[in-house]
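Enquirer: With the hints as constraints, model all of the structure from the sequences given.
Throughout the sequence shown, residue numbering follows my numbering, covering 467 to 570 in sequence.
Zero decoy hints are in this set.
Capping the alpha-carbon separation at 35 Å, the derived lysine-lysine pairs in DSBU-like fashion look like this: (1) 562 <-> 528; (2) 570 <-> 495; (3) 485 <-> 495.
By construction, these hints were calculated from the structure, which means they are not laboratory data.
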Amino acid sequence: MNKVNEILEVIEIARETGKIRRGLNEATKAVERGIAKLVVVADDVDPPEIAMHLQPLCDEKKIPLVRVSSKSELGRAAGIEVSTAAVAVLDAGEGKKKLGDVLK
Numbered sequence: 467m468n469k470v471n472e473i474l475e476v477i478e479i480a481r482e483t484g485k486i487r488r489g490l491n492e493a494t495k496a497v498e499r500g501i502a503k504l505v506v507v508a509d510d511v512d513p514p515e516i517a518m519h520l521q522p523l524c525d526e527k528k529i530p531l532v533r534v535s536s537k538s539e540l541g542r543a544a545g546i547e548v549s550t551a552a553v554a555v556l557d558a559g560e561g562k563k564k565l566g567d568v569l570k
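Expert: Below, the structure written as structure tokens:
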């Protein structure tokens, strides 16, 4: 399994057994509050400027940020029928070990 698929699987597990935030605004708030364990951003955000603030913010808070190729793929993993530009994992639930492995 490639890294992107593993990350999407962590999001799915966290959605079921932990806690996630969907969307750029919610992900940004989770990072600012220091409660995000992982932030995942889609590469096809348009315009890209709307998500550019997340990388420096995550760097400042020492929260890992990972990119995936598609908003629709990210939305599906987050359990919504529409695409989403970002997801923040607050609690990986039963996926804590997998999250640790993915972030190594």
